[in-house]
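Here is how the chains run, residue by residue.
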Amino acid sequence: MKTCDVAILGAGSIGVPLAYYCAKKGLSVLVLDKEPSWGRGQNRAAIGGIRATHSDPAKIKIGLLSLDIARNMKEEHGLNIEWHQGGYMFVAYDEERERSFKDLLVVQKAAGLDIDWISPDRVLELSPGLNPEGLRGGTYSPGDGFASPLMTSTAFHKLALDAGAEFRFGETVTGFGIEGRRIRTVRTDAGEYSAGTFVNAAGAEAAGLGNLAGLELPVHPDLHEGGVTEPVRRFMEPMVVDMRGDDRSGNYYFYQAGTGQVIFCITPKPQIWGTDTDNTSAFLPHCVSRMVSLYPRLRNLKVRRTWRGCYPMTPDGLPVVGYPREPENLLLAVGMCGQGFMLGPGLGKILADTLTGDGARYGQVFEELSLYRKFEGMELLK
Amino acid sequence: MNRIVDHPILSAPEGRTSVTFSFDGAALSGFEGEAVSSALFAAGVQTFSVHPRGDAPQGIFCANGQCSQCTVLIDGVARKACITPLAEGMDVRTLHGFPELPARDAPRAAVSGETLSTDVLVIGGGPSGLAAAAELARLGLSVILADDKVSLGGKLVLQTHKFFGSEEDCYAGTRGIEIAKRLEEDIRSLPGVTVLENSPVAGLYKDRKAGVWRNYESYVLVDFKALVVAAGAREKSVLFPGNDLPGVYGAGAFQTLVNRDLVRAARRVLIIGSGNVGLIGAYHALQAGIEVAGIVEILPKVNGYKVHADKIVRMGVPVYLNTTVVSVEGNGKVERATVAEVDKDWRPILSTARTYEVDTVLVAAGLSPCDEFYRQAVDFGFLAVTAGDAEEIAEASSAMFGGRIAALSLAKLLGKKVDIDESWLAKREVLKSRPGDNLCRDEEIPTEFWKPVFFCTEEIPCNPCTTVCPTHSIQLKERKGSIMDLPYFEGSSCKGCTVCVAACPGLAMSLMRRVDEGWAEVVLPFEFKADFEPGARLPVLDQEGAFLEDAELLKKVFNRKYRTWILTLKVSRANAPRAIGIRVQSEAATRPLPAPRFEHLPDDAVVCRCERITVGEIVRFIRENAVTDVNQLKTLRVGMGACGSKTCSVLLPQVFRKAGIDPARTTAGTLRPLALEIPMKDLINEAAGRPL
Ligand SMILES: Cc1cc2nc3c(=O)[nH]c(=O)nc-3n(C[C@H](O)[C@H](O)[C@H](O)COP(=O)(O)OP(=O)(O)OC[C@H]3O[C@@H](n4cnc5c(N)ncnc54)[C@H](O)[C@@H]3O)c2cc1C
Ligand SMILES: Cc1cc2nc3c(=O)[nH]c(=O)nc-3n(C[C@H](O)[C@H](O)[C@H](O)COP(=O)(O)OP(=O)(O)OC[C@H]3O[C@@H](n4cnc5c(N)ncnc54)[C@H](O)[C@@H]3O)c2cc1C
Ligand code: SF4
Ligand code: SF4
Ligand code: FES
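Protein chains in written order, with our numbering: chain A, 11 to 392; chain B, 24 to 715.
These are calculated hints, taken from the structure and not from any lab test. Certain hints may be false.
Derived, one-sided and incomplete: chain A residues facing chain B with beta-carbon distance under 8 Å [what the hints assert, rightly or not]:
1) Lys44
2) Met161
3) Ala173
4) Gly174
5) Glu176
6) Ile282
7) Thr285
8) Leu294
9) Ser299
10) Val302
11) Ser303
12) Leu304
13) Pro306
14) Arg307
15) Val313
16) Arg315
Quick reminder that beta carbons are idealized off the backbone N, C-alpha and C, glycines included.
Throw the hints in and build the complete structure from the sequences for me.
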């Protein structure tokens with residue numbers, strides 16, 4: 011039976027970077043995924059935003075790490091992930107929104123984030139043609155940006171391969187061999203492998219995988235659709251986020267990628283639970299009509315493709331990271347909600363450090379994202 | 024101006040309005056409503072954009088709205104030239120790199136789109152879709168038929184030649200364009216059918232709806248119970264260096280330019296592929312006054328019907344078997360093409376290379392079915408059938424039959440009590456069939472009575488010669504027991520009426536009558552401009568194109584019904600039984616350069632045309648990243664372009680093989696809407712909204 015230090019279950023936004031950082035630290039790594047290749051779970055659905063501007067310290071910390079990694083990917087490894095540091099801009103068209111953004115700024119600044127309130131003029135400078143009517147300004151965090159999830163996943167896969175990690179695709183995890191408080195082996199439909207540590211990085215299916223080890227995980231797949239347009243010359247800089255809702259949707263956000271396309275997605279209201287990632291007819295007309303009313307210049311932009319994927323949601327919108335009480339060697343990296351892509355690289359580094367005994371400085375992250383927290387409230391910038 | 028004004032078969036559409044427009048600032052004129060791409064070709068413009076990768080010039084490829092190669096800037100907006108109708112005053116410009124998003128911020132309110140309901144949605148208004156829709160409507164089902172063109176008929180509207188098949192079942196002997204007209208009239212007279220012409224289906228959704236870009240200006244959803252996918256086929260691209268140069272395009276695009284829009288799109292072409300599409304392409308070129316340097320075929324055998332190949336060869340076009348293209352080169356456009364024979368592993372033998380001076384290379388290397396909607400529908404668990412080329416690449420005749428059969432099987436599934444006539448199934452199979460055996464015929468001897476001579480030796484599904492003869496003198500001789508059988512002259516009652524000669528779509532019949540011991544009268548069909556008069560001497564050829572003699576023209580008559588010249592020639596007694604063609608192209612047009620001139624850079628062939636990704640780049644990527652899933656090629660942007668991987672996906676198996684990976688082990692790319700790009704303002708039906 012093949013034996014390794016770490017068996018990573020899921021080659022997605024979380025599993026692939028983690029594989030690289032573990033292998034780089036000298037661990038022997040086996041990654042298992044039921045899909046035919048890497049990043050084909052929800053990673054392929056992410057639109058590509060990477061930010062540190064969250065409302066809680068743990069994600070801020072991970073986000074900052076991820077940004078650093080994304081920013082340096084080209085220089086450090088010569089790999090293109092289409093990183094573009096356009097910043098994130100949350101726009102406000104009403105007093106209440108302005109107030110809540112400004113309240114949040116206090117927390118975010120205290121956490122050391124580069125973020126500020128900007129005037130309507132500055133908003134329009136960053137995104138010319140945005141609807142000026144009633145615009146009150148917004149928050150802008152110039153250090154945030156975006157990268158291609160496909161290219162990022164491919165880059166980490168390549169780095170992991172080169173660092174010696176082994177990937178086995180087309181294998182579904184079907185069970186664990188458990189002895190006492192520890193997992194000894196993981197079984198798939200094609201084989202059985204033993205490892206010192208097992209990582210649940212199964213994204214939208216993390217709860218099912220947890221069940222196989224007798225664990226209840228509060229992770230529920232929440233369906234979202236996204237889309238991409240034709241490429242045009244750069245006309246806008248930041249990721250634009252409109253947190254307002256209407257009767258059928260909550261927030262929506264879009265940005266112009268390094269390669270010129272506008273990539274967008276929306277949060278349906280009410281949430282759509284499930285795993286059916288086939289497209290529905292309602293998304294496009296609705297999302298597009300909201301985008302054009304916010305940003306009339308998009309009228310002439312052609313939509314090219316749309317898709318659907320899941321946010322692995324938790325009740326409070328924060329991930330679950332760390333060890334459960336039992337099995338004690340099943341590391342959880344689940345419940346990434348709408349941010350798994352941006353958390354992946356940073357979290358990979360943190361977990362690899364932790365697995366090799368370098369994790370002391372991340373105590374607060376594990377505390378805040380513990381499986382045993384209260385799961386109250388909802389993250390403000392989910 | 025490259026307009027065809029003297030086509031032997033087609034007359035220029037009447038009542039067209041001239042309009043003026045500009046290209047890169049220069050004033051040009053064209054016809055209102057014709058495709059912008061055709062107007063540009065007519066004005067000698069073949070480069071429509073400069074690709075951001077490598078500043079490469081781009082021209083058309085499909086002229087059918089599928090590939091997105093033809094994007095130009097029209098009044099500041101990037102649009103596909105081949106599906107944009109020309110209008111007075113248009114400002115057309117070469118698109119350099121990515122377009123600028125126009126700063127036109129005067130929005131109108133979004134209007135929620137209509138949802139139309141129907142029993143059956145038929146996607147595609149070619150022969151199969153039209154036949155299916157008609158059949159379903161006759162059974163009392165409501166039908167919406169959506170087609171992306173202004174006029175219905177699918178590929179038929181491009182086909183100026185007479186059709187094979189049988190007259191009673193599928194209008195054999197009639198030209199495609201005329202069949203299209205009849206089918207369109209038929210469908211429009213049926214009450215249960217709503218036709219959404221000029222309206223591509225852009226996506227299928229899990230909630231059993233289709234999104235339709237209606238009139239290319241608004242977006243409607245169609246809620247259907249069942250689906251017929253009859254979207255036809257698209258041309259396959261071929262991998263050779265230079266395959267992305269303006270001037271390399273599909274044979275279907277060529278037909279569109281030349282036959283539909285009457286544009287003399289080229290001066291001299293080389294054709295890749297000897298299927299019927301390639302063979303007919305050569306024929307259409309000659310009819311339009313365009314030279315054909317030759318047809319290359321990598322296989323050891325002509326792929327299309329022998330009667331087609333024979334007639335092409337007789338017109339002076341060589342067909343080179345076991346031969347492939349190794350390179351197409353030129354400064355920003357096609358200037359020359361180099362071909363070479365291949366070894367048993369299909370690798371070019373460079374020592375046999377020959378270079379031809381051509382300005383156009385037509386790709387006719389087969390078609391691939393537009394079956395994406397069908398595959399998706401099956402995935403989604405919808406009630407769906409497919410017909411015509413979308414089901415299996417064949418002929419218009421079998422497409423019509425297939426459409427009817429598909430309609431009936433669908434109606435059955437929808438709970439209608441119907442019986443499918445068993446004989447239809449058999450007929451469809453026959454009509455779809457590949458050519459059968461090539462048989463020998465005894466040489467005929469001229470007698471004092473008229474008699475038809477057949478140069479139709481290969482079994483194909485065809486019989487108009489038997490049905491048009493007023494004296495029933497021509498019969499199929501039973502061998503297979505279907506219309507695959509070959510025709511023979513029975514009895515002695517031929518009146519010499521020449522109808523069979525005019526009707527034969529293969530131009531594979533003559534009539535012959537001995538006049539005295541020395542010579543005979545021979546009647547031949549001729550579908551070119553007959554700018555000669557009795558008394559002239561014409562070069563007469565045999566079935567394989569070998570020169571027989573210069574024969575005196577005795578008489579020429581135009582058969583209006585079949586739009587074919589009937590020529591009577593005075594041919595020597597010895598040659599009369601073998602005379603079947605008249606050379607129209609001189610040998611000079613087919614001569615290669617004295618020495619080959621090319622670079623051999625096979626890795627430079629472009630696979631993904633939208634994103635300009637080459638074979639070499641993909642092979643390297645596959646190797647470096649251990650790729651077996653086509654989806655991963657998206658990292659290179661393969662398949663991420665405007666066409667949605669319609670063009671490159673069929674080429675990828677070859678590329679995987681080249682990278683040492685068995686294509687059978689690879690995972691196909693995922694299909695997602697939209698099938699074509701739609702501007703946001705149309706998705707929200709802005710045109711119907713009030714100004715904001
Ligand atoms: C429309 C949309 C837009 C988004 N935009 C963003 C964005 O801009 N930024 C951002 O950060 N995030 C975004 N997200 C969220 C992001 O996609 C997810 O949070 C992230 O992909 C989750 O990462 P993961 O590694 O947990 O899961 P995944 O990437 O899904 O990886 C989990 C893997 O586990 C495998 N697996 C599951 N069960 C088994 C099993 N039993 N056996 C073997 N393998 C198994 C799966 O096949 C999968 O490959 C978006 C999501 C959607 C739907
Ligand atoms: C170059 C060429 C030459 C040929 N020569 C002959 C010949 O000599 N004799 C012969 O019998 N057959 C010939 N054929 C074959 C014959 O034309 C086809 O077999 C026949 O037209 C197939 O009919 P169809 O209805 O399946 O498809 P088509 O005729 O291709 O019709 C499909 C229609 O669907 C439309 N469509 C596609 N996608 C969409 C969408 N998303 N939404 C709406 N509409 C859509 C297409 O634009 C088209 O109008 C030739 C074909 C080609 C390409
Ligand atoms: S020439 Fe007329 S009569 Fe003679 S075989 Fe042909 S169709 Fe029949
Ligand atoms: S001779 Fe008859 S069967 Fe042969 S191609 Fe002509 S019409 Fe068809
Ligand atoms: S040439 Fe216009 S879309 Fe293909």
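Taking the hints in turn, this is what the structure says about them:
no.: 1; hint: Lys44; verdict: 12 Å, violated
no.: 2; hint: Met161; verdict: 5 Å, holds
no.: 3; hint: Ala173; verdict: 14 Å, violated
no.: 4; hint: Gly174; verdict: 13 Å, violated
no.: 5; hint: Glu176; verdict: 11 Å, violated
no.: 6; hint: Ile282; verdict: 12 Å, violated
no.: 7; hint: Thr285; verdict: 12 Å, violated
no.: 8; hint: Leu294; verdict: 6 Å, holds
no.: 9; hint: Ser299; verdict: 4 Å, holds
no.: 10; hint: Val302; verdict: 5 Å, holds
no.: 11; hint: Ser303; verdict: 7 Å, holds
no.: 12; hint: Leu304; verdict: 10 Å, violated
no.: 13; hint: Pro306; verdict: 4 Å, holds
no.: 14; hint: Arg307; verdict: 5 Å, holds
no.: 15; hint: Val313; verdict: 6 Å, holds
no.: 16; hint: Arg315; verdict: 5 Å, holds
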